[in-house]
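Undergrad: Model the placement of chains B and C with the ligands on the given structure of chain A, informed by the hints.
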Amino acid sequence: MSSTTATRNAIASRFEGLLGSACVVSEPASLERYAIEGSVPGAVLLPEDAEQIASALRIAGEERWPVVPFGGGTHQHIGRVAEDADVVLSTERMNTIAAYDPGDLTIALAAGATVAQARAACAQHRQLLPIEAGAGSTIGGAMAVAATGPLQCAFGGIREFCIGVTFVTGDGLPGRGGGRVVKNVAGYDLMKLMIGSHGSLGVITSANFKLFPMPPVTATFLCEFDSAAALFRFRDSLVKSPMSPLCAEVISPAAAEYLKESEPRDPDSWSPNGALAPQTPWLLALRFAASDRVLARLRHDLASFTSQEIRAHDENRFWGAVSQLEKHVLARHPNAMFFQVSLPISESAAMIEAAEASATNFNFVAGVVGRATVGSFTVVFLPLAIDPPAVTQFAGAASDFRSRLSRAASAVVVRCPREAKHHFDIWGSTPTDIELMRKIKRALDPYSILNRGRFFVE
Amino acid sequence: MSSDTPTAGAAGHDRHVLEMGESHFAGPDRPSWDLYATCVHCGLCLNHCPTYRALGMEMDSPRGRIYQVLQVDAGRLPIGDSFVTHIDRCLDCRACETACPSGVQYGHIVERARAQIEQHYKRPWPARLVRSIFFRHVLGNPVRVATTARLLRLYQRSGAQRLARASGLLRLLGMSEVEALQPTIDDHFFFDQIGKVFPAEGELRARVALHAGCIASVAFSALNHATIRVLTKNGVEVWVPPGQNCCGALQAHAGFREEARRLARENIAAMLDDRFDAIVTNAAGCGSTLKDYGDLLHEDARHERAEAFAGKVKDVTEFLQHLGLRQPTRTLNLKAAYQDPCHLAHGQRVRSEPRDLLRRIGLKLEEMPNADQCCGSAGSYNVTQNELSMKILDAKMKDIATTSAELIVTANVGCMLQLRAGMKRIGRLTPVKHVVEVLDECY
Amino acid sequence: MFSRSIPGKLRKIVGRDAVLDRPADLMLYEYDGSLARGAPQYVVFPQSTEQVSELVKFAAREGLSIVPRGAGTGLSGGSIARNGGIVLAFARMNRILEIDVPNLRATVQPGVVNLELSNALAPHGFYFAPDPSSQKACTIGGNVAENSGGPHTLAYGVTVNHVTGLEVVLPDGRIAQLGGNAGSAAGYDLTGFFVGSEGTLGIATAITVKITRLPESVATLLAIYDNVQNAAESVVALTSAGITPAAIEMLDGWTLRAVEASVHAGYPLDSAAVLLIEVEGLREMVEEHAEAIQALCRKSGAREVRVARDETERQLLWKGRKTAFGAIGRISHSYYVQDGVIPRTRIPETLAKIEEIGRKYSLTIGNIFHAGDGNLHPLILFDSRDADQTQRTLDAGREILEFCISVGGSITGEHGVGMEKQDLMCSLFTDSEREIMLRLRQCFNPNSLLNPEKMLPSPRLCREAVSPGHASLG
Ligand SMILES: Cc1cc2nc3c(=O)[nH]c(=O)nc-3n(C[C@H](O)[C@H](O)[C@H](O)COP(=O)(O)OP(=O)(O)OC[C@H]3O[C@@H](n4cnc5c(N)ncnc54)[C@H](O)[C@@H]3O)c2cc1C
Ligand SMILES: Cc1cc2nc3c(=O)[nH]c(=O)nc-3n(C[C@H](O)[C@H](O)[C@H](O)COP(=O)(O)OP(=O)(O)OC[C@H]3O[C@@H](n4cnc5c(N)ncnc54)[C@H](O)[C@@H]3O)c2cc1C
Ligand code: SF4
Ligand code: SF4
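Residue numbers (the working numbering), protein chains in the order written: chain A, 1 to 458; chain B, 459 to 901; chain C, 902 to 1375.
Quick caveat, the hints were computed from the structure, so don't treat them as lab data. A hint or two may mislead.
Claimed, not checked - In silico lysine-lysine, BS3-like type, Cα no more than 27 Å apart, as pairs: (1) C:Lys958 x B:Lys849; (2) C:Lys1111 x A:Lys240; (3) C:Lys958 x A:Lys439.
Said to hold, decoys possible - Ranges of calculated distance between the beta carbons of each label pair, as one might list FRET restraints: (4) C:Val1002 x B:Glu716: 56 to 62 Å; (5) C:Ala1196 x B:Pro889: 54 to 60 Å; (6) C:Ser1333 x A:Glu32: 33 to 39 Å; (7) C:Val1002 x A:Val457: 35 to 41 Å; (8) A:Arg407 x C:Glu1250: 51 to 57 Å; (9) B:Leu792 x A:Lys240: 31 to 37 Å; (10) C:Gly1026 x A:Val457: 43 to 49 Å; (11) C:Asn1348 x A:Ala116: 45 to 51 Å.
Glycine is no exception: its CB is placed at the ideal position from the N, C-alpha and C atoms.
Chain A on its own, in the form it takes in the complex (with noise of 0.2 Å):
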């Protein structure tokens, strides 16, 4: 379903017009490298500025090619299939950390800085930006889809510190809202509105956060459960505690596998109900910040549940190992299907209930981690090798897993086979405001060229 070499070249040189050649990349073997599940693009620009952006988009308007920004690449499959991209606008040269504040706690960062790169320069001034996101993804990817990690339970997403967002809307306007300050209601919210806009609404540009000191020490309680009913029974006492870990992350038994540095256990070898259980507990990892004083205090309270403290070194690999969950579990099973739950957190130890149900009846194998004092979720399904899954059933499992589900619950499915998205909605329940974000979109990519298809059928 690609462009044609023809078109290629016309879309090129229209831009190479604008930009420069040295901006537009138009080799096949080139533009492998920003296939979109798959699919290579017509075209991939590489802007300098927003200024840029804005021109490229204005063309793009006009012809109505659909423009796909790009960051890292490292999900360009969350979201529906999006229609072919004539053109990927990558934020890869536009990489700097624009001013950084250490006295005011507050960084400028544009889109293409890597999440990782900006954490380390923060580092350094022993400040924390709390991002989670994998190897390679940038500021503007990250924010595009709102991603979270482990660090939510302490800190929140994102929308929670990002305190100033530019971008380029559809029809090539630069827009902007808030600023660099920590504290400012001037105009419209619009970081909420692009925070999560998985690249529908504008081109990310820029975005300025609030940084958080970074905890001098930490220690991390591992907590072992028999079943995830006493884990968030033991939960519902925290909530009410006056601990605030860092981190809660809940881990359930099938995810632990993919935690090891062992190879992890073959889900065909486990029992048909999923359970590895009485072997392998379910476990809350609690992270504080603490000194010696206060975590003296905290293992006394803790002592009845933790089965291990541990620290430094091993601390660090244990977290490392919980970031890379995704990578490990696709590494083994690259069919596997994720889904980003959110919900009411009293209803945690059901949604697991229903997600080990539904798993079982579409032969897969439910894996869970999340941050259980807020009700967000990673699960996924997990293919047994001895009778892989057809498309048809990764749409089973997931609309029957939905269906057990409250309706304050969402369950968004952030990635499974491209095929099989073509059989259910990715998004699950239709918002019922979707109205309103139909109006949004319009008033802001009024050609529809920005990410076609990933957020609505258009």
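TA: Structure of chains B and C with the ligands alone, referenced to chain A:
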């Protein structure tokens, strides 16, 4: 009667500079710019105002009332029905003063506004008649208070009460629900006791003048006796100086400031005496007015005597707590809740003393929510604004119901009656008592 | 007459005693906490979402604009009916609909007073974290509209960080559910976008918020300085030392003397500035942090650091801060509060600039502010009867905010743009940035019937506002 149409301020007009036109205020007791302009219309008082909480409208909020005063002074709003309605509805509970960060002396503003209303506004004749008789001729005249009380007693006991209610006569006089709330008239008025001295028991610790109060003297003489007993048992010599009169609170609140001044002068003459360590009252409403004689008489030549008098006035709870109670002979092992009388908590900032006294005699105090919110009694308010008063009372009863108190205590007779009426309305039997009555049981 | 039938129809929707239409009553709705004025034609007190929806449909048919109003404590004229129309007052839509402790959520009607929610949560050991200094009066609907903050925003964030779901009535009368109980859901974050929209996108009729656990322990410190520079340095030292205090508030010398005169909070009269610092959390941590803060403040030049010994002392220190605006009210009949924000590293030079502006316009300016977030509240004292002084006040205010913009800051940190700072939006945002905001407003509020002429200036106003020194805040 003047129309209520404000004279300026078209819709949507963005105005920053305040244009002061010709004031509608005139004569004595004008609310001055200096007094009301301390209000910066921040609104922090709104949720503390019982009438705003009940009605939810700016006109019946402290900020709104002050704004109306400003508008009358700026010539934009006449002293007409609308202004009078909203100023009348004010309980004068002064919860807004406690809430106000700007130090607005709301009580002084509203009393002056009412004085202006009395001077410039013609109420319908029945109300005018009743108000004039009551505030000018009955209150502040012990003989007439006694006579009226006797008539009322007769009326209460004769069955004429039912007749009057049926005839609608009372409603016409603006006194519709009065029966439900009025005090029952004592058999022996306290006026007999005026001029007497009650010696302290044991070592003499202090000497005080007791302000007996006018209504209290006919309806609550038992409470006055209890006050004397508690004081004397705690080593206080109690004088009830002759020549004292009604404190003037009801008159001042109603806008009869001239009447109030006359009474104030009489009381100062009768009771300001170096022999007394304090001038004590058991009525919060009287206390806050007695303590405010300085403002009432600020234009008098002998103004500093008024200040000196005011400085000596103490609520009985305040006085006893600072004196220190003697060991009680008995303690009460009950759960109790204390309702702050407005004129004690907001008017005099006396909050902890009554509570401390109650704890001292063994009561287990439970705080009800909004304990310092008015119960709706507010002097004669429950008579003149009955419907609103009952709405406020119902909210109060709800707050009381959230506690498990076996006894409700307050420190003002008006509140006590109102709360008793409230208990009746919800069909509960929990007793309501005055702090002094409870103390009296323990000595 | 036709217009006479409007109140009748309004009464049919909300009830007989829930509509005001007499000028003497409407006059009481021409103000809020700010300096702006403008009376509506009608004031209506809805009691349910359905009534709000009916009212909005009715207004749209009649071509009347609608202005929502909470408690009217706003400081930017947000609830002023600029061109008449209907004020929707939420004083009677003030029920707490649900307290859901297991899910750490509460759902309220918009007229619930901020502090009343916290009071209702206290028995469960929780509270509602956003704590504007007006919290005993302002409503949660107003907080949502203004995205209000407070002293404790430093650690807990502003209103938007605590709102997870909204029921809103759109200008066409449609009732929409934005977000929900869960933290995040699929689709655009319309909840986040709606918060802070100053009543220009829709009317919030039910609000779901996060509830926060009451801290186990609190320590409040007062650091006293002989010069403002050192106080400002302490702020930077603290924020970068790995301690996140729950609050860092600053009062300058002039203000603290004014406050002390009315409250007796124990602020030393001869100092140039004080910082009020609070840390919360686990007992042991609070003790350690309190010690570290003392050391850091001393190191950066504090003359003295006091620690509140008990709850009474703590309350007293806070009372001074919380009643500070009011204390100024005792000194001056009117004051104009600014709400500028600057990077925390620019505090000293900004304070110097404010002093200079005060001299230039011969005005007294006090400074009370949320130093931890660089959110300044310069208070300009004036007499509202004096036209010249009033104009100088507006000009000085404008100049302060322009300075904030020039150091990379903003014109409002929590009070909103409303009608008072509209023209400054022209200097803060470019034409295309404002055009985008306008397009977004039109998605919700196409005919601008809802809170018209607020926040976003018309392109015409911006063309006219380019010449500085002409503060026409209307
Ligand atoms: C809920 C969630 C949780 C996650 N948690 C983790 C985790 O714990 N650890 C971890 O390692 N990873 C995690 N990820 C994945 C990680 O966040 C992504 O890898 C990363 O954010 C994507 O960045 P990218 O630069 O590779 O963007 P890309 O993959 O290039 O793009 C992703 C999407 O963003 C759009 N986009 C990219 N740049 C822009 C721009 N400048 N403007 C507008 N749109 C743009 C693209 O069009 C595309 O739709 C998570 C993802 C999600 C959704
Ligand atoms: C002394 C004082 C101190 C203050 N301190 C602070 C502070 O520390 N931090 C702070 O942030 N603010 C502060 N403020 C400002 C003010 O209190 C806040 O902006 C508050 O949130 C306003 O709430 P309100 O209920 O009074 O709203 P209003 O003033 O009535 O309205 C404010 C805006 O909200 C809109 N609105 C109201 N209800 C709704 C609804 N249901 N749906 C949609 N829109 C609605 C109105 O149209 C208007 O635009 C202070 C004000 C004062 C007077
Ligand atoms: S009376 Fe006090 S609290 Fe009320 S609005 Fe005026 S200044 Fe504010
Ligand atoms: S005195 Fe009481 S009723 Fe009157 S305005 Fe003040 S708070 Fe309201």
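Undergrad: All hints are to be evaluated individually against the structure, with a verdict given for each.
TA: Each hint, compared with the structure:
For the hint linking C:Lys958 to B:Lys849, the alpha-carbon distance of about 33 Å lies beyond 27 Å, and the restraint is violated. Distance check on the hinted pair: C:Lys1111 and A:Lys240 sit about 13 Å apart at the alpha-carbon level, within 27 Å; holds. The suggested pairing of C:Lys958 with A:Lys439 holds, with an alpha-carbon distance near 20 Å, which does not exceed 27 Å. Taking the beta carbon of each, C:Val1002 and B:Glu716 are about 58 Å apart, inside 56 to 62 Å as hinted.
The given range of 54 to 60 Å is respected by C:Ala1196 and B:Pro889, whose C-beta atoms sit roughly 57 Å from each other. Range check, C:Ser1333 to A:Glu32: about 36 Å between beta-carbon atoms, so the 33 to 39 Å window is met. A hinted range of 35 to 41 Å holds for the C-beta pair C:Val1002 and A:Val457, which are about 40 Å apart. For the pair A:Arg407 and C:Glu1250, the beta carbons lie near 53 Å from each other, so the given range of 51 to 57 Å is met.
Checked against the hint of 31 to 37 Å, the C-beta distance between B:Leu792 and A:Lys240 comes to roughly 33 Å, which is consistent with it. A beta carbon spacing of about 46 Å between C:Gly1026 and A:Val457 agrees with the range 43 to 49 Å that was offered as a hint. Taken as a hint, the range 45 to 51 Å holds for the pair C:Asn1348 and A:Ala116, whose Cβ atoms sit roughly 48 Å apart.
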